[in-house]
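Trainee: Single-letter residue listing:
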Amino acid sequence: MEIFKADVVIVGGGGAGLRAAIAVAECDPKLKIALVSKVYPMRSHTVAAEGGAAGVKKPTDSFEYHFHDTVGGGDWLCEQDVVEYFVEQAPLELTQLEHWGCPWSRTEDGHVNVRAFGGMKIERTWFAADKSGFHILHTLFQTSIKYPSIKRFDEHFCVDILEEDGRCQGAVVIEMGTGEFTMIEAKSVIIATGGAGRVFRESTLGGIVTGDGMALAYRHGVALRDMEFVQYHPTCMPVTGLLFTEACRGEGGYLVNKDGYRYLQDYGLGPLQDKPKNKYMELGPRDRLSQAFFFEQQKGRTIEHPTLGSVVHLDLRHLGEAYLRERLPLIYEMAETFMGLDPAKDPIPVRPGVHYTMGGIKTDGKCAASLKGLYAIGECSSVGIHGANRLGSNSLTELLVFGKVAGVEAAKNAKSAAPGNSAALLKQAQAVEQRVMALKTKTGGSERISVIRKEMTQSMEDGCGIYRMEKTMQATCDKLAELRERFKNISIDDKSSVWNTDWLTAIELDYQLDVAQAMAHSAINRKESRGAHQRLDGYEQRDDVNFLKHSEAYYVAGAAPRIALGDVKITKSQPAARVYGAAGEKADQERKASHV
Amino acid sequence: MSESQKIIEIEVLRYNPESDKEPHREVYKVPFSDDMSVLQGAQYIKDNFDGSLTFRWSCRMAICGSCGMMINGIPKLSCETFLRDYYPNRISIEAMAHFPIEKDLVVDLSGFIEKLESIQPYIIPREARTLEQGEYIQSPAQFNEYIQFTSCINCTLCYAACPQFGLNPDFIGPAAMALLHRYNMDSRDGGAEQRMQLVTSEEGVFNCSAVGYCSEVCPKHVDPGNAVNINKINAAKDYFLRFLSPKGGSK
Chain G
226 MEIFKADVVI VGGGGAGLRA AIAVAECDPK LKIALVSKVY PMRSHTVAAE
276 GGAAGVKKPT DSFEYHFHDT VGGGDWLCEQ DVVEYFVEQA PLELTQLEHW
326 GCPWSRTEDG HVNVRAFGGM KIERTWFAAD KSGFHILHTL FQTSIKYPSI
376 KRFDEHFCVD ILEEDGRCQG AVVIEMGTGE FTMIEAKSVI IATGGAGRVF
426 RESTLGGIVT GDGMALAYRH GVALRDMEFV QYHPTCMPVT GLLFTEACRG
476 EGGYLVNKDG YRYLQDYGLG PLQDKPKNKY MELGPRDRLS QAFFFEQQKG
526 RTIEHPTLGS VVHLDLRHLG EAYLRERLPL IYEMAETFMG LDPAKDPIPV
576 RPGVHYTMGG IKTDGKCAAS LKGLYAIGEC SSVGIHGANR LGSNSLTELL
626 VFGKVAGVEA AKNAKSAAPG NSAALLKQAQ AVEQRVMALK TKTGGSERIS
676 VIRKEMTQSM EDGCGIYRME KTMQATCDKL AELRERFKNI SIDDKSSVWN
726 TDWLTAIELD YQLDVAQAMA HSAINRKESR GAHQRLDGYE QRDDVNFLKH
776 SEAYYVAGAA PRIALGDVKI TKSQPAARVY GAAGEKADQE RKASHV
Chain C
119 MSESQKIIEI EVLRYNPESD KEPHREVYKV PFSDDMSVLQ GAQYIKDNFD
169 GSLTFRWSCR MAICGSCGMM INGIPKLSCE TFLRDYYPNR ISIEAMAHFP
219 IEKDLVVDLS GFIEKLESIQ PYIIPREART LEQGEYIQSP AQFNEYIQFT
269 SCINCTLCYA ACPQFGLNPD FIGPAAMALL HRYNMDSRDG GAEQRMQLVT
319 SEEGVFNCSA VGYCSEVCPK HVDPGNAVNI NKINAAKDYF LRFLSPKGGS
369 K
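Top line first, the protein sequences correspond to chains G and C.
First residue of the first sequence: 226, per this note's numbering; consecutive thereafter.
First residue of the second sequence: 119, per this note's numbering; consecutive thereafter.
Hints were generated in silico from the structure; no laboratory data involved.
One should not assume that every hint holds.
Unchecked claim - List time: in silico PhoX-like cross-link candidates among lysine-lysine, alpha-carbon distance up to 25 Å:
no., chain 1, residue 1, chain 2, residue 2
1, G, Lys665, C, Lys139
2, G, Lys502, G, Lys283
3, G, Lys679, C, Lys147
What the hints assert, rightly or not - The calculated label-pair distances, taken between Cβ atoms and stated as ranges, are:
no., chain 1, residue 1, chain 2, residue 2, range
4, G, Pro373, C, Phe358, 31 to 37 Å
5, G, Lys696, C, Glu129, 44 to 50 Å
6, C, Tyr357, G, Tyr548, 41 to 47 Å
7, C, Asn262, G, Leu664, 49 to 55 Å
8, C, Pro243, G, Glu313, 21 to 27 Å
Beta carbons: idealized from backbone N, C-alpha and C, even for Gly.
For reference, chain G alone in the conformation it holds in the complex (with noise of 0.2 Å):
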């Protein structure tokens, strides 16, 4: 096995891991850092982000605002405290990717522009045309490339983390063109793995994404928190669940049922509007929308596709060409290679798919998890801003803010920690070595990958979808724990060293049990509706006296997670209504009223 020596590991290469490992390198040049990607880091889901990065830039706009926008679009779920250092921080952080280049799109006089985005009060969201998060990913990554400490493990795998002493001291990587195994030394450990959608059928995610990160921190007895939470996009590409971003919406995009009826006036997000207008209609959170498209098909009101199923339709013929290739080129081109349209001619039939886990490894405001040394940012981690519904645009800005956070943290962490024993560290690598080898190895198994992931993602959508009852979310659970007991069995056609994809995805599929039983289990005992959780089997209503609490899933070896609730950090919002359109402009007007 080989030996990499480095101050700070960090595992995922995406926006959040560039931005971390380019916060270590600029607290001190001397500190060594290895980052590991199981891609390319350009090909990083980040890339696949579309609409912007929320940020304060008007004048008319407030960090107070973003705060109110941001906490009741979680449902009250989020960390209070965490959220006023978030939205303070998000203009420096966005301003910083300017200077280094990201080609922010911009206004006449040459300033950044900004968009209007769902559940926001006031335009905030800076975007680079439709491709946000692969402009935010290029230019950290290009910029990545001016520091000779950040030392890139490019196609490398991680298979676990290493702990002693009760101290999170490093990592186990495969070099994926190999098959070779080193062990990476660290003080401080980062994991930057991206969110897990893809244990879902049908995602706007790409393939990579498989939560590996978390379930690494939660095998390791770090809690998943929040896990239930997961955000259904409601504009996605039938079949393939490819997305549509919310900014079509933002841009004035409209959607209609099969009446050519804009449906959202009958869910609390009226009275229609003629122009988009913030937090009114179709500019109304994520997990509204979606919750409200459920009901239509339930209402028989969708558009009942031979091919692609039940669908609404996104209307931008409105908006017309120019504006339309100017705005959003590549959902105009997506439309037209994916699906033969043209978005200034045709409506694009869509419906919600899986797009983002609000919940991840629980972290500390300044990203630190409960394993001493042990750090999580990005949609891995659960740092407390996004609560049980994320609002769009706040996570890629979330990967810069906290990125920094944890580089700076994890710096100091490094610096000040005693020297690891290098020998018990090996001890440990070589046994973790041995196991993911034996993966590899085994004969006689007869269960192939491919199908367990099926069984688990049909089942995953089928008992966490949109609307939950607890005699599907049951049978989910059941159904994760005989595919649990079948992963044991499972066979692997490859057993080459060179580049053995197949045994890396039996390794993800691993994965991916994990953290679809902490999801299942954490969504079974939260017997309320919030957010993006929603129950149509007595517990329809929120309920602020049992579950104004954070879900915390814990790992049992060979068991169902147990599941432990945490408190809320509330610092100036207290829980009310959550309401939308005129309802809640009209509380707004009462809360500005009642503080006079």
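Dock chain C against the given chain G, drawing on the hints supplied.
Mentor: Showing chain C alone in chain G's frame:
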């Protein structure tokens, strides 16, 4: 599988360095629907016939740049190329041309990554600015100078298309040159002179024989061929300026 299920033959160039002396072809019969991409065809083979079939992929929407391959001899992203467009004929897929094959459809990209790193692909500020001063101002005209060249997804299809890269793997090549040009043209950047050395070097633009196939296969309309050619002109100017200035045009 219904009786009306269409079946397409996919011929894959397979190569496992641990067991094969040289690449060989295997044919798979894959049931497909009209919305299935070539990538989905490969996934079907891996999931159902042979788990050892190896290829890179992730986003499925032509933005991550992972899934390039030769499809009937033409460099394409497999996620946005559809089986229906080849049916009822057999479709052939191979690793991207001009790169060493690591396994099946996976090629060695380390040379490309080194090139990308070598061009200083980051802002070398023309004038420093603090965060408190806010963003740099960039007029629409300044923005339009470089924006097209920011769209490269590093899929390397242009290298698979470039005959000169096929002859000389050291040639800096279309995508890296487009990225160099992107930073040189950015009004925030002042690093053009530093980068010019690479443009005029042995690995630089004069390798290009102006075939233009790179721009033709580019899935994001970056037009790397144009970036290379603009830099040929810049490099020629630079060359002549050396005779006029004691320090040389670029120093």
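Trainee: Decide, hint by hint, whether the structure agrees.
Mentor: A quick look at each hint next to the structure:
At roughly 24 Å between alpha-carbon atoms, G:Lys665 and C:Lys139 fall within 25 Å of each other, so this suggested pair holds. Our distance criterion of 25 Å between C-alpha atoms is met by G:Lys502 and G:Lys283, whose separation comes to about 16 Å. Using a Cα cut-off of 25 Å, the hinted pair G:Lys679 and C:Lys147 holds, with the two alpha carbons roughly 21 Å apart. The hint said 31 to 37 Å for the Cβ distance between G:Pro373 and C:Phe358, and at roughly 35 Å that hint holds.
Take G:Lys696 and C:Glu129: their Cβ atoms lie about 48 Å apart, and the range 44 to 50 Å holds. For the pair C:Tyr357 and G:Tyr548, the beta carbons lie near 44 Å from each other, so the given range of 41 to 47 Å is met. As the Cβ distance of C:Asn262 to G:Leu664 is approximately 53 Å, the hint placing it in 49 to 55 Å holds. Range check, C:Pro243 to G:Glu313: Cβ separation about 25 Å, and the 21 to 27 Å hint holds.
Of the hints listed earlier, there is not a single one the structure fails to meet.
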